[in-house]
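Once you have looked at the hints, place chain B on chain A.
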Amino acid sequence: DSGVTQTPKHLITATGQRVTLRCSPRSGDLSVYWYQQSLDQGLQFLIQYYNGEERAKGNILERFSAQQFPDLHSELNLSSLELGDSALYFCASTMGATSGGKGGTDTQYFGPGTRLTVL
Amino acid sequence: AQSVTQLDSHVSVSEGTPVLLRCNYSSSYSPSLFWYVQHPNKGLQLLLKYTSAATLVKGINGFEAEFKKSETSFHLTKPSAHMSDAAEYFCVVAYMSPSYGKLTFGQGTILTVHP
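So the protein lines, in turn, are chains A and B. Quick note on the numbering used here: the first sequence kicks off at 1484 and runs consecutively. Quick note on the numbering used here: the second sequence kicks off at 8 and runs consecutively.
Here chain A stands alone, though its shape is the one from the complex (with noise of 0.2 Å):
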């Protein structure tokens, strides 16, 4: 158990709706990190958080934002679901805002994912 934890487990949805995932990081962590895994592009990262602000994005579409709250829980929302958006997504954790790289080593806790089915 990582310490990270994402609500809900399982999401069954219809193109065109609007879903949001929940994840709280692991006590003390302050870095949220929000990922795709899907079977054609793999494992994605969309986008971070540090206390509150963004502070990277990565292939993340216009359709979906997220944000990190006051306790540090942060919540993805995906809107005008498409098909192609059913995959696993994870959120991950860190203490600080870098993770690896000699100016520090966090490791990237991961929660145990919320699988999304668009119908």
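What the hints contain is simulated information worked out from the structure, not anything from laboratory work. Wrong hints could be hidden among the right ones.
Said to hold, decoys possible - Label-pair distances were calculated between CB atoms; the ranges are:
| # | chain 1 | residue 1 | chain 2 | residue 2 | range |
| --- | --- | --- | --- | --- | --- |
| 1 | B | Ser87 | A | Thr1498 | 42 to 52 Å |
| 2 | B | Ser10 | A | Thr1498 | 27 to 37 Å |
| 3 | A | Gly1499 | B | Ser77 | 49 to 59 Å |
| 4 | B | Gln9 | A | Glu1537 | 17 to 27 Å |
What the hints assert, rightly or not - Once the Cα atoms are required to be at most 25 Å apart in a straight line, the calculated DMTMM-like pairs of lysine to aspartate or glutamate come out as:
| # | chain 1 | residue 1 | chain 2 | residue 2 |
| --- | --- | --- | --- | --- |
| 5 | B | Lys65 | B | Asp92 |
| 6 | A | Lys1492 | A | Glu1558 |
| 7 | B | Lys49 | A | Asp1512 |
| 8 | B | Lys75 | B | Glu95 |
| 9 | B | Lys49 | A | Glu1558 |
| 10 | B | Lys49 | A | Asp1523 |
| 11 | A | Lys1492 | A | Glu1565 |
| 12 | B | Lys49 | B | Glu95 |
| 13 | A | Lys1492 | A | Asp1512 |
| 14 | A | Lys1540 | A | Asp1512 |
| 15 | A | Lys1540 | A | Asp1523 |
| 16 | B | Lys49 | A | Asp1484 |
| 17 | B | Lys49 | B | Asp92 |
| 18 | B | Lys65 | A | Asp1484 |
| 19 | A | Lys1492 | B | Glu95 |
| 20 | B | Lys76 | B | Asp15 |
| 21 | A | Lys1540 | A | Asp1554 |
| 22 | B | Lys65 | B | Asp15 |
Stated by the list, open to error - Per the computed footprint, the stretches of chain B lying under chain A, defined by three or more beta-carbons under 8 Å from a beta-carbon of chain A, are:
| # | stretch |
| --- | --- |
| 23 | 49-55 |
| 24 | 109-117 |
Beta carbons: idealized from backbone N, C-alpha and C, even for Gly.
Frame of chain A; chain B shown alone:
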């Protein structure tokens, strides 16, 4: 720019035989490299990480990896496979700046262990 290539999408071994999962990276600076494992319907678990200390890195469950700068490789090995090692393994390179960090994942290698 950084990238990581896992050279095998599937590796199959017999229980008790050695495991080798190959990974090459591309990075314009000294990278941080990780191996993560994902068991079916589970999240990602860190096996080990390299951050410019010793080039031979020991991880959990008997896995280790060697950083070879001249070959830009970071292959994962284990002397003797166990049935519980069957999973998907991801080689990961980290990009770090003073203010943020992100991981770039390889495409994954599925390890099958036969009895």
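Violating hint indices (sorted, rising):
none
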